[in-house]
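K.L.:
So the chains spell out like this:
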Amino acid sequence: MSAQTGLWLGGLVTLMAWSYLYKENPFFRVAEHIYVGGAMAYGVFNTYYQVILPTWQKDMVKDGNWSYLIPIVIGLLIYTRYGGRGWNWLARWTMAFWVGYGAGYELAYSPAVFMKQVTDTFRPIKGINDVLYFLIVAASLFYFLFTVKKEGPLPKGVAMFGRLSMMVAFGAAFGSITMAYLSLIIGRLQYLLKDVVHLVK
Amino acid sequence: MNWLRKDFPLVLTFLFGLVVMVSKFLNLAYFKLPDLTKTLDKWSQITFAFAILVGVINLSALHINYIRKRRAGYWYSVIAMATLVLYGTLGMAQGPKGAGALFIYSNVLIPIGSAIYALLGFYIVSAAYRSFHLRSLEATVLIVASVLLMLGQAPIGQVLWYDFPKLSNWIMTVPNSAGIRGIQLGAAIGAFAVSIRILLGLERSWFGSGGGQ
Amino acid sequence: MDSWNKMQRIDPRLIYLLILLAMVIPMFKPMGLPVAVSPETKTVFEAIDSLPSNAVIFISHDTGPGNAPELDPMIAALARQAFKKNIKLVVMSLWEMGAQFADDQIKPIAAAMGKTYGVDYVNLGYKIGGSMTIRTMVNDLSKGAAGVDMDNKPLDSFPLMQRVKSLKDVDLLFVTTVGSPGYSDWMTYAAEPLKKKLTGGASLTMYSGLQQYIRSGQLTGYLGGMRGAAEYERLVGAPGKGLAGMDSQSLGHILVILLIILGNIGYFRSLRATGPAGGK
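Protein chains in written order, with the numbering used here: chain A, 17 to 217; chain B, 3 to 215; chain C, 129 to 408.
Some clues are possibly wrong.
Below 25 Å or equal to it, Euclidean Cα-Cα: the simulated DSS-like pairs (lysine-lysine) are [unchecked claim]:
1. Lys132/A to Lys296/C
2. Lys296/C to Lys213/C
3. Lys40/B to Lys170/C
4. Lys217/A to Lys293/C
5. Lys168/B to Lys170/C
None of these hints come from the bench; they were simulated from the model. Since this is a predicted model, take the numbers as computed values, not measurements.
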């Protein structure tokens, strides 16, 4: 099939998906469910071809790393969760590997990243922004300090300052997210008008 | 046998966590000890690859259940399952770079996925119109910050006032950045504490049903 | 009920239509509004510009289909800047579909600039496992990639991969990001322990949340969304889909701001009509 046929098809399914803006309708639901099934299928065969097959062909058969059978068994144990009460506890061994290993990495590696964030807050003052930055970090941390009662004008004021600073952050996040989603619409319109029907250069 | 179900996973969790920390904080080469993480990192990757069907099984079970019970709109579930089986078979036969598999990927899957995701853009604007009201001091600060940011980030802001991009950049890099840093420092301490609880066997929510306390 | 009150209850489909118009009109009638380059984008450009010829940039295009319009143009512009300076690219993705997206961007540019696959760039494809795959690649790239590229060809058959044996051998990490796994995994498990520079681009959905890392230098600048991509395209001197979208983006923002103002006028009018309690 030619590239243009493919683009027409892409344009058609895009319109099917966007028909939801008018109202809920069968075209949208069909597109949605094709995506659900298709994305799952892609996930499986993509992983098979890019990870599982080369691990088997190269790492195991060619290089002789048969010890990889151990992680394969650990990975496969996760399916015992569908095996009823007699077996499903075996899936916990897989989970134990993932959770324990992940927690170990969190404890071993995240402090380096975290500490730089702390030390950077105490940088030499070169201007008003550095002072403001420090005050906002301190105030927003103070806002989340629930072990002390914030009574009296000063603690209340600091907590309020922290709260307002976080509102600026949330506002910035909202503004950014709006921009992001608008650019996704632009992306789709560029696809429809430029790539599919060639109306826009 | 019971300890294999309840205690052994906790012992495993602790040991796997310990391996990482020993490898990070001890100079293993000095003690002439092997660095087990080099092996376990790869193992971890392989376990993930072989667990890939979990999502497929969960979602299929859901849809097959809909079909069995003939729930309203069950034939959409038929479409999802048929796509899974047909496209899955094609992909397994051809590989992700095969002509047919790639054609469907580029011209059906990606366009639908992107289009559905872009729907959020329409909703967020409509939501802003309906609910972005200056109800309180906090709401006002939030809205003003986001409006200034949007003005500064779109080229038109610069046309309206030359320094708009600078102002929005300041909002982004000073008050926003500092506010987020405060929140994140708090969250990082929380994540750290959860990791310690997991390794000590105090946090067992990952056990799933029937496990834990 | 006055007209302001009616406007509070406007059919959302009218708003959707307005959005579509605001985005489509500039595509037919470009306004060519100026795009000022932010310091963060400039830092990204300079980080790549300061690399010597033959240096290696490691790209992880960690995105799904949703955010590709924001992040794909960054990869295209990066490929142009890098190839112009004879810098080599090793590409992969921790997200299922990202590697194919990167391939779609880089391949035509490489062909147009006379670059050879295997010598000037290699695409390792999608790698499952998130941070654990990064950890494996820190020590052994081939092991993390199961020894093959995207098309199942052995990595040791490519000249470029002879000198890129692990992440220790790359000069710069360029990571696009929309969530997890993403920049924070690369920062924690590769950039920080190896003391490598980490740069890239983020969807604007998370851009405001990573500013503190740019400030601390843990990220070397970062491109923010389609706007960041447009600025970068301008610096590279190759206008693409990023810059093309900027006029639409402008009108879109104006529309959002107008709608917020209108919504508030309506809100305060209805407050006055029903008394202060009516607003809550």
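K.L.:
Looking back at the numbered hints, which does the structure fail to meet, lowest number first?
P.N.:
Violated: hints 3 and 4.
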